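**Student:** Quick note, the sequences are listed as chains C, D, E, W, G and Y, same order.
The first sequence finishes on residue 169 if you use the numbering used here, and the numbering steps up by one all the way, no holes.
The second sequence finishes on residue 169 if you use the numbering used here, and the numbering steps up by one all the way, no holes.
The third sequence finishes on residue 169 if you use the numbering used here, and the numbering steps up by one all the way, no holes.
The fourth sequence finishes on residue 169 if you use the numbering used here, and the numbering steps up by one all the way, no holes.
The fifth sequence finishes on residue 169 if you use the numbering used here, and the numbering steps up by one all the way, no holes.
The sixth sequence finishes on residue 169 if you use the numbering used here, and the numbering steps up by one all the way, no holes.
Honestly, the hints are just simulated from the structure, not real lab data.
Because the structure is a prediction, the values reported are computed rather than measured.
Here are a few chain G residues that face chain C, going by a calculated C-beta distance under 7 Å: (1) Ala-100; (2) Ser-102; (3) Tyr-134; (4) Ile-139; (5) Phe-146; (6) Gly-148.
Okay, derived cross-link-like pairs now, DSSO-like style, lysine-lysine, Cα gap no bigger than 27 Å in a straight line: (7) W/Lys-131 with G/Lys-35; (8) Y/Lys-131 with Y/Lys-165; (9) W/Lys-11 with C/Lys-88; (10) C/Lys-131 with C/Lys-165; (11) D/Lys-11 with E/Lys-35; (12) G/Lys-11 with Y/Lys-11; (13) D/Lys-88 with E/Lys-35; (14) D/Lys-35 with Y/Lys-131.
Glycine included, each C-beta is placed from N, C-alpha and C at the ideal position.
There are 6 protein chains.
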Amino acid sequence: MKVALYPGTFDPITNGHLDIVERALKMFDRVIITVARNTSKAPLFTADERLSLIRDALNHNDRVEVEFFDGLLVDFARKRNVSAIVRGLRAVSDFEYEFQMALMNRKLDEAVETVFLMPNEKYTYLNSSIIREIARFGGDVSDFVPPAVQEALTRKSNKG
Amino acid sequence: MKVALYPGTFDPITNGHLDIVERALKMFDRVIITVARNTSKAPLFTADERLSLIRDALNHNDRVEVEFFDGLLVDFARKRNVSAIVRGLRAVSDFEYEFQMALMNRKLDEAVETVFLMPNEKYTYLNSSIIREIARFGGDVSDFVPPAVQEALTRKSNKG
Amino acid sequence: MKVALYPGTFDPITNGHLDIVERALKMFDRVIITVARNTSKAPLFTADERLSLIRDALNHNDRVEVEFFDGLLVDFARKRNVSAIVRGLRAVSDFEYEFQMALMNRKLDEAVETVFLMPNEKYTYLNSSIIREIARFGGDVSDFVPPAVQEALTRKSNKG
Amino acid sequence: MKVALYPGTFDPITNGHLDIVERALKMFDRVIITVARNTSKAPLFTADERLSLIRDALNHNDRVEVEFFDGLLVDFARKRNVSAIVRGLRAVSDFEYEFQMALMNRKLDEAVETVFLMPNEKYTYLNSSIIREIARFGGDVSDFVPPAVQEALTRKSNKG
Amino acid sequence: MKVALYPGTFDPITNGHLDIVERALKMFDRVIITVARNTSKAPLFTADERLSLIRDALNHNDRVEVEFFDGLLVDFARKRNVSAIVRGLRAVSDFEYEFQMALMNRKLDEAVETVFLMPNEKYTYLNSSIIREIARFGGDVSDFVPPAVQEALTRKSNKG
Amino acid sequence: MKVALYPGTFDPITNGHLDIVERALKMFDRVIITVARNTSKAPLFTADERLSLIRDALNHNDRVEVEFFDGLLVDFARKRNVSAIVRGLRAVSDFEYEFQMALMNRKLDEAVETVFLMPNEKYTYLNSSIIREIARFGGDVSDFVPPAVQEALTRKSNKG
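Bound conformation, chain C alone:
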C-alpha cells in the first residue's frame, strides 16, 4: 500500500488544498494530512479548529487520515512507512521554498521522497493568508473554501 503524507498549517484549509488531496489519491492508496500545531506566525484558527475543519471537509473519504504532528517530517514518514511527501506547487516562489525543504528532508533521510503536484490553475491565486484577509473585510470566499470553513471565517470576523 502506497501512503502519501501531506503536511501543512491549514489556517484554514482551502479548495486548493483539497484539490491536491484529490490528485494525490489518484496515485496513492492513502493520504495522511498532518497539521502543524505550532506555527511561526500566530494562526487565526486554533490547532483543534484547523484539524476539525479539515475533517469536516473530507469526512466522506476513508482513504484520508488527519492528525497533528510537530517535529521532523522524516521521523513521521519513517514511522508510518510513507512512500512520499506531497506538496502543491503554484508559483516560482513556492518552488524555491519547497525545493529547499525537500532537499533538506532528503538529506535527513534519503528514503523520503517528495512529489510535487500542480493544483487546478484556478487556484494559482489562492492561499490561506489571502483568504483570511478577504474574510476579514467581509468579502465572499465561498468559491475558495468549503462551506464549513466559510462559516468559521464569518464567525471569526464578527468576533474580531
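Guided by the hints, dock chains D, E, W, G and Y onto chain C, whose structure is given.
**Tutor:** Leaving out everything else, chains D, E, W, G and Y in the frame of chain C:
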C-alpha cells in the same frame, strides 16, 4: 473619465512610487492613491503621517487624490468607478505577489482590471523598507525620497 | 483619444491574445495590433495569413486596427501618437523578457510607456508554439483559438 | 498497477534522467520511457541511438519499458492507462516550462496527472546540452552519464 | 592588499557560510566577517554567542577577522578600505534580495563593489532558519554546521 | 598576481560588457577576455571582427588581454593560472544559466571559481541581441556601445 487606483502602505512614499503615479497620469485622467491604515507589520509612520507626506509630495497636482482605505479594493474600485488598479513591477518577486493579488481581485469582481507599470530602472533597488533602514543609520536618502520625507525620516531617527 | 499598440508575431493569434485585446479596450479608446512580418524563427503561417486570421477574429470591432509593422516600435508609436504599448504577462519568464524590451523602448524614446496586463488565468498555459505543436498531432485546439484559426491549423496539418 | 510515463528527447540520457527513473520506481510499479523521434533542434544522436543508449543504461530493470513516441502525450497516457506523467524539476526555468506543458496536458485530458520529482542536487547543473558541449571539447563526462553514453559521445566527437 | 567584507546575522554560522569564506580567501588576501548585533527577527543566539561561534569555527585562520557592525555597510567598507562585499547566492530568491542590497550600496557609495559567490551545491538547501528548526526537533545537524555550533544548538534545544 | 577570465561571444561588445571589465579590474590585477570563435547561432560579426572591436574599445588598458578560445574554459583557466572566471548578472534568467555553467565548471575542476558581478543598473536592459535588432532598423545605439561598434553596426545594416 478614466480613473486609476494606486493602493499601498507608503511607509513612507518614495520617488519610485511618485514615478509610477506620473506614468499612470499619462494614461488615466485621474489617480486615486489609497493608504492602508492597518498593516501587518508595525509601520514607522502613523497613517496620518503617511497620508500627509504623500499629499505634500503631490500638492501641485489636482489630478491626484489621496485617501485612507482599509477593506476590499474591489469595493472601493466599484464605488468610485475606477477603470484600473495600478501597480509598479520591479522584480520577479514583485511579480508573483502582484499577480496573486490581481487574480484574486479579478475573482472578486471581474470588472476590476489591474495594470502593471515599470518604474524607471534607477528605482529597481528601491523600496520603503530599505529606505527606513538607511535612514536609521544616518545614511543619505535625498536621492530616493521627496524632501519632506527626508526630513520626517531624520526626525524619526533622532527620536528613536 | 488614448491609443494602445499591441505588437506581436501572432503565429497564430490565440484566445489568450484576444483576451488581452479586450482588456486593453477597457482602458484605451483604440487598439492597434501590429504584426511582425519577419520573425527570427520560420513561422507556420505567412504574414498575410497571420494578419488575415487576426482580422477575422476581430471583425466585429471597429475600435481595433490590424497592420503590418517591421521596425522600431518606438518609431511607430511616435508616428501614430500611441499612449502605450500593451503586453500580456503570464509567467516569470515572460516578465524578464518583456521588462528588457520595455526598458529598451523607454531608452529609445522616453515618451513611450509600456503597460502589462494579465490574461485570464486559464490562458496561463497558452502560447502559439504549444498550439502549433498540439495541432500538428491532431489534438483538439478549439478551446484555445478562434474557429477560423482552428480550421487554418487543420489545413496546415493535413498538408504538412 | 500504477504506471508512470517519463517522456523526453534524451540526447543523450544522463545520470540525472536515471536518477528520476529510480525515484519514480519507488512510487510506481512500472515506468514507460518515451523517446521523441523528432525534435525541434537537430539531435546529436539518431532516434535509434538514443533509444538504444537508454535500454543499455537500464537493462537490469524489467519494471522499465523504453519506446518511441511522437504525438500527443495524453493520447499515449490514455491508451496505456498511465497514472501520471513524471518530470524532473531542477530550476526555476524548468518549472515554468514544465508547468505550462502540464497545464496544457491537463486541459487536453483532465485524467492525466503530472508529478514532479527532484533529482539529487548534484544533478542540478546537468543537462544533455551541457554534456554534449563538454564531450565535444574532450572534457571528462564520466561522472554525468552512464559508461555506454560516454563511449558513444567519444565516438561522435572523434568523427565530428 | 585586497580585503573582502562578508556581512551577516549568522544565527548561527553554517557550513554554507564557511564555504563562502573559503572561496573568498582564494581571491582576497583578507576577509572581515561582520556580525549584525540587531536583527529584525529575534535571534536564537545572542550577538556575543554568534560572534564567538564564528571565531571558534575559523580560529585556525589568521586571514579572517570577525567583528560586530551595525550601520551602513558602505561606511564600514570605506573606513576599512574594503575592495568588495562578498555574498553567497544559492537561489533565485537570494538573487533578487541581494541584487537590491548591492544596487543600494552602490548608490550610497559607487566605490563599493559587491561580488557574488556560489556555495557548493550541497549547501543549496541550507540556511540558518532551517538548521534552527531541525535542531529544535532533535534532528541531526552535524553535516550542516561546525561541531561547536551543533553543541550550542543542542544546549539551546534542551533549555527551550 | 590575481588574473580573471571573462569569456563570451561578444557579438558585438557593449557598454554593459565594458562595465563588467572595469569592475573586475578593481578586484583583479589582470583580466583576460576570451572570444568564442564558434557559436551555436550564426553571429553578425566574424570572430576577427568581434575580437578587433573589443581591442579597439579597450586599447588604453594594458591590464586587459583579448584572445580567441574555443574549448573547455577550465583548461584555459588552469593553463593560464586564472584565479576566477568573471560573469555579469543582470536578471533571474541570467542567474540560472550562469549558475549551471559555474557548477559544471567547478565539477570539471574544483580549483576554478566563478565570481558574479552586477553591471550598472542602466545596463539591465542591454544585451547584444537587442543591440543588433535596434541597429538593423536604424535605431540609435550610441548610448549602448562604444563608437567603433556603432560604426561597425551601421556598416553591417547598410550592407544587409
